[in-house]
Amino acid sequence: MTINTLAKGGLQPEQMSCFRKMEKVLVAMQDPDMGMKMRNQRLLITVIPHAMTGHDIITWLIQKYHICEEEALHLGEMLVKYGYIYPLKEPRCLVLRPDESPYRFQTPYFWTSTRWPASELDYAIYLAKKNIRKQGELMEYEKERYSLLHKRINHTWDFVVMQAREQLRASKQRRKADRIVLECQEQAYWLINRPPPGVQNMLDWGLERPNNFSTRVPLNSDYYKSEIETSRRALGRNRVKSSVCLEGFVKYSEQYQNHDPIMQGCLPSNPWISDDIAYWMMNSEIVPVPTRLRVERWSFSFMELLSDAMGRREFMTYLEKEFSAENLHFWQACEEIRHGESSKIIEKVEDVYKNFLAPGAARWVNIDSKTMDKTLEGIKRPHRFVMDDAQMHIYFLMKKDSYPRYLKSDLYKNMLAKAVVPQETKKSVFPFMRRQRHSSPSPAQAGAQAAEEDGRAGTNSAAGSHF
Amino acid sequence: MPLVNNKVGDDCTASGDKALADGKALVDSLIKVVACYRHLASCVGGCTDSLQLRNELRQTREKAQNLAGDICHHLTSHLRDKSLPDGQRKEMELLWVAFSSCLELLHVDMCKVLNISGIVSLADSASLVHTGLEGCSDVAARALSLPDLNQAQTDSLPAGLESQERSTMELEISQIDRMIDDMEMKVNVLRWMVEPHGPQYADPLSSTDSASMALQSIDEEQQAPTSQPLCQRSHIFVLLLL
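Those protein sequences? They're chains C and Y, same order as listed. Position one of the first sequence corresponds to residue 1 (UniProt numbering), numbered consecutively onward. Position one of the second sequence corresponds to residue 1 (UniProt numbering), numbered consecutively onward.
Okay, chain C solo, but in the shape it has when bound (with noise of 0.2 Å):
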């Protein structure tokens, strides 16, 4: 037997937060003026008053919480099948049914409670009262647990049948009306709280049952002083707001719309569809002339300059001109220490300062002293990515510098001139013509054959596209 005590305080999970919100939803029915309409239960010859209708719980919710009747419908549900409201036509059956059906709330004795779960001595007590009052009363599942009960409580059967005894008569000093609520009450009570076999368990807490073992923390200094520096680091952290987030990702989709095959189609034709592989022959790695959406793609962001061979080609030839072309070469060296193979990372670091950082090197790059102290350091144990912040700091400045200058140079505008627009393939005249059916070819082999045949027009089975 377990005593549970306010004093001890925390031995009992917490009351779940949705019963209190539920009471507090029962509390608010009972008002006088926006309440609840309440009905009279008629019973043969006695009237029982405070009986309500579904519909009328499910009107009321609506009202009160400005929701729609569907989440009315699932409030209503909750309170029923957690006790708060039990029904009096079939109280076996805990559902709410939004018609005439009557039902009445539950006692605030009787509401479900994680602090004071009902105990097997409450449940048996109940079990021989019900055996008392009637013979036969029990149904099969409740026999099989009173016998069960009378095994594993064995030592304080007395006191079960006195005190059920006792309960009985304290009971008959009341009015028949007032009797039979009581009775429901208790029914309503232990069938959410010892459901019959079948029946799910509300208060079965599934995998977010709490385990005990973490709950039991010793709140002393230490603790709080963790506690504290978690919160101090949690403030410390960027935050964006979800409205700038979004905006962002707006900005990002309406610009890239254009260029989206699944959004704006592909010209001349998606390869998928039309068994042409001309859209891939075209946007393969290196063309000798690239299309115009991809021209204009370089002009979206400085990566995606960079990530596209082709533009990083033409961007080291303006560098060229500009005599800065070093820091293309320099990030190119970096990030093929990053990606590359492990084993070749020292060399590779090597050569990097060799061509880059030592001073009067061939190709020096201007990084700030403070950048350059630390790679220097970091190269004597050379790692993956111990070229980070100078890369990084190279990135920088040619996005801010030579990248703006490179779209508004000439170079850039030519190409984006010469760029062709491809044109879509003619439908065929008869519409529904059968295609000869064969095996697509596959992309990645496309790519390969135009990098062989460099220059030349890849092949093709449609007619009508231009070069």
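In case anyone wonders, no lab produced these hints; they're calculated from the structure. There may be inaccurate statements among the hints.
In silico DMTMM-like cross-links for lysine to aspartate or glutamate, where the CA-CA straight-line distance does not exceed 25 Å [said to hold, decoys possible]:
1. Y:K24 x Y:D70
2. Y:K18 x Y:D81
3. C:K37 x Y:D124
4. Y:K90 x C:E120
5. C:K37 x Y:E134
6. C:K143 x Y:E195
7. Y:K18 x Y:D28
8. C:K172 x Y:E134
9. C:K24 x Y:E134
10. C:K21 x Y:E162
11. C:K134 x Y:D28
12. C:K151 x Y:E195
13. C:K399 x C:E326
14. C:K24 x Y:E170
15. C:K130 x Y:E195
16. C:K151 x Y:D28
17. C:K400 x C:E304
18. C:K24 x Y:E162
19. C:K172 x Y:D28
20. C:K130 x Y:E134
21. C:K130 x Y:D28
22. C:K24 x Y:D124
23. C:K21 x Y:D124
24. C:K151 x Y:E91
25. C:K64 x Y:D124
26. C:K151 x Y:E184
27. C:K172 x Y:E62
28. C:K370 x C:E336
29. C:K89 x Y:E134
30. C:K24 x Y:E165
31. C:K176 x Y:E134
32. C:K151 x Y:E93
Here the structure of chain C is known, so what remains is to put chain Y in place on it, guided by the hints.
Just chain Y now, kept in the frame of chain C:
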């Protein structure tokens, strides 16, 4: 020496029997009081909640605590007495187990009442839950074994009564706590060794048992003081028919 011992033994047995009977009577009345308290507690927060109900609760609670204190002393002193003969010891242990179950029920009920009075305040009568009950009756009278309770109907809530009630309740709950702890510390009752009484209580589902119990309750009904103005005559006839 043996003579003296026998004498002491005789006295012990005789007084032991009396002590047992006393203890049994005390525990029986505590069971009755706890049942009534539970019955009253189930009305708290509902539409029948009133100052009168709270008064009755308080009185029932006080009675329960007094009884509990008495039983605690009684049983503790006897069970710590090493010279208690075995048969009596067994009976005492039975009483002990019944007593601790009583305390457990009382404790939970008190905690629940405290909790509910925090959620549904008596001062705000608009928030009392419409449970369908109408009017409480003489349950408390039954608990206190009084023919009638003269209650002065007070309509207004005296200032500060509720908070005072709460602090009193919290005190009493912690008292019960300590009593339970003390009990466990002082007396070691092996619960798995305790056997309840014979066949009358053993079989939970035999028909004779429930019928006999029902009859017994009818007898009690007829013998109890008829301070049941609200109880209908017809109910007694119905009971007799069972």
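Task: Hint numbers contradicted by this structure - done: Going through the list in order, the structure violates no hint and respects every one.
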